[in-house]
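Asks: Sequence:
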Amino acid sequence: MRQSSFSRTLIIATMFLLVLAGCNSTYTPKPRGYYKLDLPEHAYQKFDSAGFPYTFEYPVYGRISRDSTFFEEQPENPYWINIDIPSLGGRIYISYNEIGGKARYKVKNAKGEYVDSIGVNQFDKLLNGSYALSFKHSYKASAIEDSVFTSPNGISGVFFRIGGNTATANQFLLSDSVKHFLRGALYFDATPNEDSLKPVNSFLKQDLVHLVNTLRWK
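Taking our numbering, the leading residue of the sequence shown gets 350, the next gets one more, and so forth.
Everything labelled a hint here was simulated from the structure, so no lab data went into it. The model shown is predicted, which means the values in this text are computed figures rather than measured ones. Take the hints with a grain of salt, since some may be wrong.
[Unchecked claim] Only pairs whose alpha carbons sit at most 30 Å apart, straight line, appear in this in silico DSBU-like list of lysine-lysine:
id, residue 1, residue 2
1, Lys-451, Lys-567
2, Lys-489, Lys-554
3, Lys-485, Lys-474
[What the hints assert, rightly or not] Taking CB as the label site, the calculated pair distances span:
id, residue 1, residue 2, range
4, Lys-547, Gly-461, 39 to 49 Å
5, Asp-473, Asp-387, 40 to 50 Å
6, Gln-555, Phe-484, 44 to 54 Å
7, Pro-548, Ala-392, 13 to 23 Å
Where is the CB? At the ideal position from N, CA and C, for every residue including glycine.
Between the sequences and the hints, there should be enough to build the whole structure, so can you do that?
Replies: Given below as structure tokens:
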């Protein structure tokens, strides 16, 4: 009995010493890991629907949808569409306005209520509005870069890169400043996190660039 008790005491003492030795060791935290994404191969198909004033190429793993609402607002015309990327939880919002065409604006009435008002789409207002939509993320953004470009099809535009934990990291606009004005924005159905979304953002940015470079007006 005494030998058994001595053995248990020795084992407990040894474990205690090992714990103390472990506490004195240097702890090195591991970097946070994220799930590995299986990204598909880049491949494209053409969007060329009858009656639409534009055409472009979009990913084969994307699908076109036309919702009755657009960011909880009523689309101004039937040419506002979404490109859903269900496998990556992303959505590209596409809005289109005809310069010189009818526009709907929100104005305050005498009671202080916002009501719809019909006006005319002017290029400078559409351009300023597009910039305002991109820069509204500035309170969370670490940086916002706007790059002016001309596509291979001779269409002028601006690409917006928004850094930080924002709801969107990539947006763009395209226009001929006379008739057509198109805007696009990539969003994800996930909590904004720049680090975890970086791989898929980089992947889909290539698809956005392809869309921009293949867009044509009708």
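Asks: The structure should be examined with respect to each hint, and the outcome stated for every one.
Replies: Going down the list of hints, with the structure as the test:
no.: 1; hint: Lys-451 with Lys-567; in the structure: holds, 19 Å
no.: 2; hint: Lys-489 with Lys-554; in the structure: holds, 20 Å
no.: 3; hint: Lys-485 with Lys-474; in the structure: holds, 16 Å
no.: 4; hint: Lys-547 with Gly-461: 39 to 49 Å; in the structure: holds, 44 Å
no.: 5; hint: Asp-473 with Asp-387: 40 to 50 Å; in the structure: holds, 45 Å
no.: 6; hint: Gln-555 with Phe-484: 44 to 54 Å; in the structure: violated, 24 Å
no.: 7; hint: Pro-548 with Ala-392: 13 to 23 Å; in the structure: holds, 18 Å
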